[in-house]
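K.L.:
Here is how the chains run, residue by residue.
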Amino acid sequence: MDYDFGPEAGKLRARLRELIAAEIPEGWLGAFSDDPADLEVAQRFCRRLAEEGLLTLAWPEEYGGAGGSVWDQTVVREEMWAHHEPRGAQYMGLNWVGPAIMAFGTDEQKRRFLPPIAAGRIIWCQGFSEPDAGSDLASLTTRAEPDGDGWRISGQKIWTSYAEMAQCCVLAARVGVPTERKHEGITIFLVPMDRPGITVRPIRSMLGRHHLNECFFDGVRAEPDEVLGGVGNGWTVIRRALAHERVGIARYARCERLLSLVGAELAAAGAPSGLRSLWARALVQVRVARLLAYRTVAEQEADAPRDESASVARLAVTQADQQVAEVLFQALEGRSLEAGPAAPVRGAVEDHWRYAQAATVASGTIEIQRMIVSRALLGSGR
Amino acid sequence: MDAARRSEADPDHRAAVGSVLESLGIDELDPLSDLDTAAAAGELCRAAGRVALPYPVVAALLREPGGGPPLALVPTAGSAAADSWAVDHGDLFREWTCADLDGRACRARPAPSRLGTRLGPFVAPVEATGPAPGDGVGARVDMHLTLGAWVVLGYVERALELAVEHVRGRVQFGQPLAAFQAVQFQLADAAVIVDGLRELCRFTLWRVVTNQEGARPDALGVRLHALDGARATLRTCQQLHGAAGLCDEYDVSILCRHIQPALRLPFSAERTADELAAAVERSGFAGLFPHGGGR
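Heads up: the protein sequence lines correspond to chains A and B, in order.
Here the numbering used here is used: position 314 in the first sequence is 314, and no number is missing along the way.
Here the numbering used here is used: position 59 in the second sequence is 1059, and no number is missing along the way.
By construction, these hints were calculated from the structure, which means they are not laboratory data.
Certain hints may be false.
[Unchecked claim] Listed next, with one range per pair, are the computed distances between beta-carbon atoms:
id: 1; chain 1: A; residue 1: Glu145; chain 2: B; residue 2: Arg1231; range: 26 to 36 Å
id: 2; chain 1: A; residue 1: Glu326; chain 2: B; residue 2: Pro1290; range: 18 to 28 Å
id: 3; chain 1: B; residue 1: Asp1135; chain 2: A; residue 2: Arg47; range: 56 to 66 Å
id: 4; chain 1: A; residue 1: Ala119; chain 2: B; residue 2: Gln1175; range: 22 to 32 Å
id: 5; chain 1: A; residue 1: Glu299; chain 2: B; residue 2: Phe1185; range: 18 to 28 Å
[Claimed, not checked] Which stretches of chain A does chain B cover? Using the computed rule of at least three CB atoms under 8 Å from a CB of chain B, they are:
id: 6; region: 48-59
id: 7; region: 205-216
id: 8; region: 271-280
id: 9; region: 284-296
[Claimed, not checked] Calculated from the model, a selection of chain A residues having no Cβ within reach of chain B, i.e. all distances over 10 Å:
id: 10; residue: Ala82
id: 11; residue: Pro178
id: 12; residue: Glu184
Glycine included, C-beta positions come from ideal geometry on N, C-alpha and C.
Just chain B, same shape as in the assembly (with noise of 0.2 Å):
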């Protein structure tokens, strides 16, 4: 956690996350290549949410073919030059590929600001400068969102592990915390979404590389299962912490905080509710029996 810490501090030392990152090859490896490649893709993902590495790294798995601009998640993209969008690590690279659920795609650049909150450290606008090549787009948005499922997974193993570290060593009333029953019944219903959004990220990489024309339903759902178990998750184990949970010093409140971005942007699990409802009355929903389009 101490990149999180640090880049809070000095915004710069990203630059140097992503020097590492390079070195590890980040750059070779395309996610909708094969599902070895996807598995890898997933569990840096994953490894990167474990500490809140402070990186765009689903969005730089993401560039386009050929070593082009990284990929973000707007509301909708169009192509006017004044449009802007907020995007996690937006000041970070020159330029961006900004994509919609639509398919639509346009070029951006930052523009000279950062939100630099508590909640949105880095967090900084950008502009669209114009269209961009709209191919295959489709495939990448659906792989955008269940890879930033699998950040957020990392985030909440970690918050968990970080919670059950917590009341096994915290004495009240004489005993250890993990003796109180309420405590304990917390911790299990945190393992159920967490085990069950693992789960479901796994699933759901096997859908997207395998249907790539058609697993936007999948994606959303996993985005969907994992913005609301982030937020029961984090809530329990940052309440499990007590008062120490709010402070910076533990590293479950700069999970808290960090996470926020892929929490609210490109939009609210409510919007991905009516999204995912919208894309199953399109194209059905992969299971046991039809539904909606896939009747």
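Pulled out of the complex, with its shape left as it was, chain A reads as follows (with noise of 0.2 Å):
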């Protein structure tokens, strides 16, 4: 029983925190603003964090990662979600793209598109979700039809975040006949954006711009090389890469920022009281929800993953997401609506009330991680 991470992720922490200090402007609420220069903020933090060796902490050292442990992968999640992901869309490279090209793909594969992860230099989008083809991801439509040794993609991707700025894009498509089992013959093609016949439509949202997008796939070819983990295995590594979001964003680390934050106002004379027993429940909330995402990470570590742990933890910090931002409202009351620098904190209460409406929603509705853990709770009899 010791919850304490140890002196070298205390040093880790305090390095992140110094560099998000002197590289990052404040009141910087990331990359996917209407402003250019936030993006280019970003570019120029995952430069950096690559000279120190950072951005590939966690990769194997093979990779060219630092091989850093599952605790180290941890503090760096928590200070870069905790300060707005300075990484930008980085992150889903770094988490899980990388990671399955090194588990799936084959030399060529990784000599072309590791180093440029690794570098902070290439955006990923993707390519999962479909209209008819949410929560219930094994029913996409769109097709891969051969063409002479490689292959013509048509259909429509959506809610496809940072489409806009990617170069890539990791599109889940259907080889030959739907059969029955819905799962058999998907296929993870890693595509270039700039491809002939790919448009991108942005999704107007509360979410602000680049969060949302349309992809249009009109007969995009292609090449043998670029399908990951072999034909008909996709979902093999869909799996892996929503296993990876599951335990990938550190929610509770902003909640807990943000409480920090507005501390004052929550605590201050004349606040109501049923204000400072919100604010107490709230943190405790978040501890729990830290602590849940650190069993998952500890059964990680001990190489025994239980899916049920991750949707736990993930239904804990979304929830938790959203009674923070509702205690973050309530502190700042007729304040709390306005954005911007001249906002509150400047502006990150209410970008944070706005991001927390779709914590139940991105990487897949927490309806379906209830259904996991009931799942395991009931077994058979169920």
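Using the hints, build the complex out of the two chains.
P.N.:
Below is the structure:
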């Protein structure tokens, strides 16, 4: 029973905070604003992390990483998310696209794709969800037809984050005739986004720019060496990707930082007593979400990951995200609706509230997590 | 759960429960001595909660060093003779140490009555008799709050298991209740609460043992989470039993009734939240970023 990460993790956390303080302008709220300068901040930060060997801290040494422990990776996840993910969209390449290429890619794919990810020079988007395949992802209908030695891909993807700025897409498409077993035939392609036939259309939303897009694939050519993990083996790759996503975002860290920043208002004399009670409960709930995330990390470390642990952690952290958003808004009262640098906490609370509404939907709705948890509880007698 | 049922019919049976715990060496466990002993004490409390053990295990574990009286938490421990407080199993010992969150402590003895109600079958008043040594009582108060949460953890874990068993076996509309998504989702939400409470109990035990001077916010935090979580979880588990959940023949009914003193004494969840907010303002709240007095 020991919850101390140790001195090395403490040093890593301190170094990351130094770098963030030096490189990230105060009040910066992420790379995905209307201001292209915000994206440049993230790209510069990634290059700086890469120079210090911190960008690929989690990667095995054989792929140029630092072979950091799962706890080092946890520190990175916490500090990055707490400070509005200064790696921008790169986190996806680092967290799962790179590792998936290491696990399933050919030597040529590793040579082609891993160095730019490790250097922070490439942005990926994830072409999974479709208009009729959301939570039920295996129902996807985007098709890849044989075309000489390669493929022609046609279909529509939706909710695709960063598609406008991405250079490459991890694209899930169906090969062959659909069968009763929907998972069969799904294949993952690594496709450059500047290929002819790709159209990206942003979707206006409460999240702001770059988060939600539609992508249309109209006979897009994919080369034979752009299949990842083998034809028809895409579901295995997707499962790995989604598992990473479940533990990938340390939402509790930003919640805790914002509760800290707004703490004075929350505890101020004259604040309604009910608000103090909400604040106290939010602090505890955020701690619980962190501990459940740590349980998942510990299971990963022991090489015994359980789907239901990750789902429990995700249910707890997404609900904490929304709970904290509401507490913060209650604290700021009339000023809660203000956005931008002149708003309280330079707009971070308003930004958090909008994002928190998506927490229980992004990367799979929490209803799916409830199904996973109840299945584990009820077993075969369900 | 037999001991709980039998003690309700014959409160003297609780003495036999105490003898069994003594023979198991409960007096040898000092939860504040080291992490291993604390973990053993936590597991004992959790096991007691699972069977609604009719005995004040936490109070007994936190006797004053040297075999002194058991420790009860009370809202405000003065030493005026007129003070009296409701204490679960208050009639079981001739003498108590009563302490409050401010570190005041006094001696007390049972008053000659017992509540004997369905929701407080073993709650009995105790009366102050005079001052008690206050040395080190703060850490014992924190441990009391924490181990109290471990007892609650045992209750809710068992209640959830019982609910799972029930919905798997009970058939309505031609299928087990477990086949209904509304039932599945309620169980999933309860499981999230129970898993979270389990992790928080472990973490808080670690904090209280390794930070004996500054763990008050942690101890209040786990109590608050236990109280909030228990109300939600037990309600779900009882509801999923249907009318059977109200019947003492079913263990879930015993759990839901016998846990009530732990949820209400010495003070409510809302009072706990107020105390937690004040404690965080004074001492901070350990985490990734500073809060309140930890700023």
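K.L.:
Just tell me: holds or violated, for the beta carbon distance of alanine 119 (chain A) and glutamine 1175 (chain B) against 22 to 32 Å?
P.N.:
Given about 56 Å between the Cβ atoms, the range is violated.
K.L.:
How does the Cβ-Cβ distance of glutamate 145 (chain A) and arginine 1231 (chain B) compare with 26 to 36 Å: does it lie in that range?
P.N.:
Since glutamate 145 (chain A) and arginine 1231 (chain B) have Cβ atoms about 58 Å apart, the given range 26 to 36 Å is violated.
K.L.:
Can you tell me if the region 205-216 of chain A counts as covered by chain B, using C-beta to C-beta distances under 8 Å and a minimum of three residues?
P.N.:
It is violated, with 0 qualifying residues against the three required.
K.L.:
Is the distance from the Cβ of glutamate 299 (chain A) to the Cβ of phenylalanine 1185 (chain B) consistent with 18 to 28 Å?
P.N.:
holds, 24 Å
K.L.:
Report holds or violated for chain B covering the region 48-59 of chain A, Cβ cut-off 8 Å, minimum 3 residues.
P.N.:
Since three or more residues must qualify, the claim that chain B covers the region 48-59 of chain A is violated, with 0 doing so at under 8 Å.
K.L.:
Taking beta carbons only, do three or more residues of the region 271-280 of chain A come closer than 8 Å to chain B?
P.N.:
Result for this restraint: holds, n = 5.
K.L.:
Could you check that no beta carbon of chain B comes within 10 Å of the beta carbon of proline 178 (chain A)?
P.N.:
holds, 26 Å
K.L.:
Is the nearest CB of chain B more than 10 Å from the CB of glutamate 184 (chain A)?
P.N.:
holds, 27 Å
K.L.:
Has the region 284-296 of chain A got at least three residues whose CB is nearer than 8 Å to a CB belonging to chain B?
P.N.:
holds (count 11)
K.L.:
Using the C-beta atoms of aspartate 1135 (chain B) and arginine 47 (chain A), is the stated range 56 to 66 Å upheld?
P.N.:
Cβ of aspartate 1135 (chain B) to Cβ of arginine 47 (chain A): about 58 Å, so the range 56 to 66 Å holds.
K.L.:
Please check whether the beta-carbon of alanine 82 (chain A) is more than 10 Å away from every beta-carbon in chain B.
P.N.:
Violated, since 7 Å does not exceed 10 Å.
K.L.:
In this structure, is the beta-carbon distance linking glutamate 326 (chain A) and proline 1290 (chain B) contained in 18 to 28 Å?
P.N.:
Since the Cβ atoms of glutamate 326 (chain A) and proline 1290 (chain B) sit about 22 Å apart, the hinted range of 18 to 28 Å holds.
Of the numbered hints given earlier, the model fails hints 1, 4, 6, 7, 10; all others are met.
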